[in-house]
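Student: Each chain is listed here by its residues.
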Amino acid sequence: MENYNKPLPEPTALTAPFWDAAHQGRLELQYCKQCDSYQYYPRKVCANCWNDDIEWKQCSGDGHVYSYSICNVPTMPSFKKDVPYVVAIVELEEGARMTSNIVDCPVSDVHIGMEVEAVFDRVTESCSLVKFRPRNN
Amino acid sequence: MTMKKSAAITGFAEMASAKKPGDLTAIEIASQLAIGAVADAGLQKPDIDGLLTVTPVSAPGILWPTALCEALNLNLSYFDSVDIGGASSAGMIWRAAAAIHAGVCNHVLCVVSDVMTSTSFKNIVDSMPHSDHEFELPYGNAPPLAGYGMITNRHMHEYGTTAEQLAKVAVDQRNSALQNPDALFGDKALTVEDVLASPVICEPLHLTEIVAPCTGGAAVVVSRADAVSQCAHKPVYLLGAGEAGSHTSITYAHSLTQSWVRHSARRAFDMAGVSQDQIDFVQAYDCFPITLLLTLEDMGFCAKGEGGSFVADHDLTWSGDFPCNTNGGQLSFGQAGAAGGMCHIIEAVRQLMGRAGSRQVENATIGLAHGNGGIMGEQVTLIFGLE
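Each protein sequence line maps, in turn, to chains B and V. Numbered according to the working numbering, the first sequence spans residues 1 to 137. Numbered according to the working numbering, the second sequence spans residues 1 to 387.
It is worth saying that the hints were derived from the structure and are not from the lab. Please note that a few of the clues may not be correct.
[Claimed, not checked] Using 25 Å as the maximum straight-line C-alpha spacing, the simulated DMTMM-like pairs for lysine to aspartate or glutamate come out as follows: (1) B/Lys80 with V/Glu134; (2) B/Lys33 with B/Asp82; (3) B/Lys6 with V/Asp277; (4) B/Lys6 with V/Asp226; (5) B/Lys33 with B/Glu91; (6) B/Lys6 with V/Glu134; (7) V/Lys45 with V/Asp226; (8) B/Lys44 with V/Asp126; (9) B/Lys81 with B/Glu28; (10) B/Lys6 with B/Glu93; (11) B/Lys44 with V/Asp226; (12) B/Lys44 with B/Glu55; (13) V/Lys304 with B/Glu91; (14) B/Lys57 with V/Glu134; (15) V/Lys122 with B/Asp82; (16) B/Lys44 with V/Glu134; (17) B/Lys57 with B/Asp82; (18) B/Lys80 with V/Asp277; (19) V/Lys5 with V/Asp315; (20) B/Lys44 with V/Asp83; (21) B/Lys80 with B/Glu55; (22) V/Lys122 with B/Asp53; (23) B/Lys57 with V/Asp132; (24) B/Lys80 with V/Asp132; (25) V/Lys4 with V/Asp83; (26) B/Lys81 with V/Glu134; (27) V/Lys122 with V/Asp132; (28) B/Lys81 with V/Asp126; (29) B/Lys81 with V/Asp83; (30) V/Lys4 with V/Asp80; (31) V/Lys4 with V/Asp277; (32) B/Lys80 with B/Asp53; (33) B/Lys57 with B/Glu93.
[Stated by the list, open to error] Listed below are several chain V residues computed to face chain B (Cβ distance under 8 Å; list not exhaustive): (34) Leu72; (35) Leu76; (36) Met128; (37) Glu134; (38) Phe135; (39) Asn141; (40) Ala142.
By construction, the Cβ of each residue, glycine as well, lies at the ideal position given by its N, Cα and C atoms.
Whenever a hint applies, use it, and build me the whole structure from the sequences.
Tutor: Right, here's the structure in full:
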C-alpha cells in the first residue's frame with residue numbers, strides 16, 4: 001500500500017467531502033434542490049442551473065455500465081501492472097455519471113447495461129477510490 | 001453581417017511527417033514553415049501583421065506566440081495562441097478571418113509545429129485540468145484512448161456499427177496516403193483484415209485505427225479578401241465557420257454518440273449558405289475511425305447511427321464518390337502533437353487550389369475541413385470555396 005505509485009486525487013476544500021465519505025465507505029454526491037439533480041464531480045455551483053443551493057447527499061452506489069473500454073495497454077505507465085483493466089462510465093441510479101473501473105470480475109464479463117454497485121478501494125491510508133463491481137440481485 | 005468571404009487562404013507550407021524528432025525544435029520548424037507559407041502566398045515579411053499559433057506539447061509554457069514573433073522579428077497588430085486541442089488549427093482560420101473582418105489586420109500567419117519527444121505524452125497529461133487529475137487519472141483514464149474506446153463501444157451498442165465498417169475508414173484513407181509521399185504510412189497498403197488483425201489497444205480500438213504521433217507542422221496565410229490580387233495562387237475563400245465546445249472528459253458530455261459537431265457544422269453551413277450535397281470533399285479530424293463517423297453523422301451527410309453503413313457504402317478515397325481525408329488523414333499522415341489538425345486544412349486548400357497532384361479531386365470548388373479536440377469536446381467546422 002505504501003508503494004502505491006499511481007495518480008491520487010488531491011482534494012480541495014470543495015471536493016474533500018466526496019473523498020472523505022468514500023474513505024468511510026459512502027458514496028456522497030452534490031444534490032441541487034432547485035433542479036432536483038445530482039452532479040459529479042463536485043462543483044462550486046450546480047452546473048446545470050448555476051444555483052449554489054446544493055447539498056451533499058448519500059447515494060445508493062447502484063448503477064449500470066453506460067460504456068466501457070478494456071485497456072490491454074495502459075493509458076499511462078503507472079498502470080502497466082494492471083492490464084487488462086476496465087475504464088468505464090457508470091450511470092448511477094440517481095442519474096449522474098462517473099468515470100471509474102469495473103473490478104471483481106473477468107474483464108470479458110463487462111458489458112453495456114451491466115448492473116454494478118460501488119466498492120471503496122482503500123488504495124492508501126488516506127484515500128479510497130470509488131470503483132464498481134457486478135451487482136448480484 | 002458575417003465574415004463570409006472576408007478572407008481567403010493564399011498560401012501554405014507543410015512539413016512531411018517524421019517518425020523521429022530530428023534536429024529541429026518546434027520553434028525552428030515553425031519559423032521555416034512560416035517563411036515558406038508567406039513565400040507561397042507571394043507575399044513579403046512586412047505584409048504579415050497577424051499571427052495565430054498553438055503551444056506545442058513538446059514546449060509547454062506561456063508566451064509561445066510572442067516567442068514566435070521574436071524568432072521571426074515580426075511587427076504584428078494581432079497575435080495569440082488557440083487552446084482548443086486538436087481543433088486549434090481550424091479555430092485559427094476563422095479567428096484570423098474574424099480579425100481581418102474586424103479591421104484589425106490584413107494577412108494572418110497561422111502556424112503550428114510539434115516535435116515527438118519522449119516527454120510529449122507526459123507533458124499532455126501533466127497539463128490536463130485539475131478535474132482530470134482528480135477524477136480521471138486515478139482510474140487509469142489518461143486521454144484519449146479509453147475515451148474514444150468508450151464512444152466506439154457505445155456507438156456499436158446503440159446502432160450496430162461493426163468493426164469492419166470502422167476498419168474501412170483506416171483502409172480507404174491509407175489508399176489515399178499511397179499518393180502522398182509526405183505521409184507517415186504512405187508506402188504500404190492496408191486491408192480490413194490487416195486492421196482487424198492488429199493488436200487491440202483499448203478495446204475496441206485496433207492499433208491501426210489509432211493516430212500515430214510524429215514530428216511535423218504546417219502554416220497557412222489568411223489574407224483580407226480585397227488584398228489577394230498580389231498573391232500567387234487561386235485564393236481559397238472562407239465561406240462559413242462554426243465552433244462548439246462542451247467538455248474535457250467524455251463522461252460529462254451530453255451524449256457519447258451525438259456530438260456537438262452538429263452545432264459547429266450547422267453554424268458553418270448557415271454562414272456559407274451551402275448544403276451538404278454541394279460539398280465536393282471532406283477533410284475531417286480523424287484521431288480514430290469513430291471520430292470521422294460521428295462527424296459525418298452530426299454534419300448531416302447521413303442519418304444518426306448510419307455512419308457505419310455510410311462509410312461502408314461509399315468510396316472515401318481521393319478518386320471515390322465521397323472523397324474524404326484525401327491526404328491519408330491523420331490515421332495515415334500522422335499527428336504532429338498539437339499541430340496535427342492543420343493537415344486537414346492544408347489538404348482542403350491544396351485540393352481547391354488544384355495542387356494535389358496525383359490525388360487531385362476533379363472539379364472541386366467547395367470543400368469542408370473540420371477540427372476536433374480532446375474527446376469530442378471541441379469542434380470547429382470550416383467551409384471553403386473558390387468564389
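Student: Are any of the numbered hints broken by this structure? If so, which, sorted upward?
Tutor: 2, 3, 4, 9, 10, 11, 17, 18, 19, 21, 22, 29, 32, 34, 35, 36
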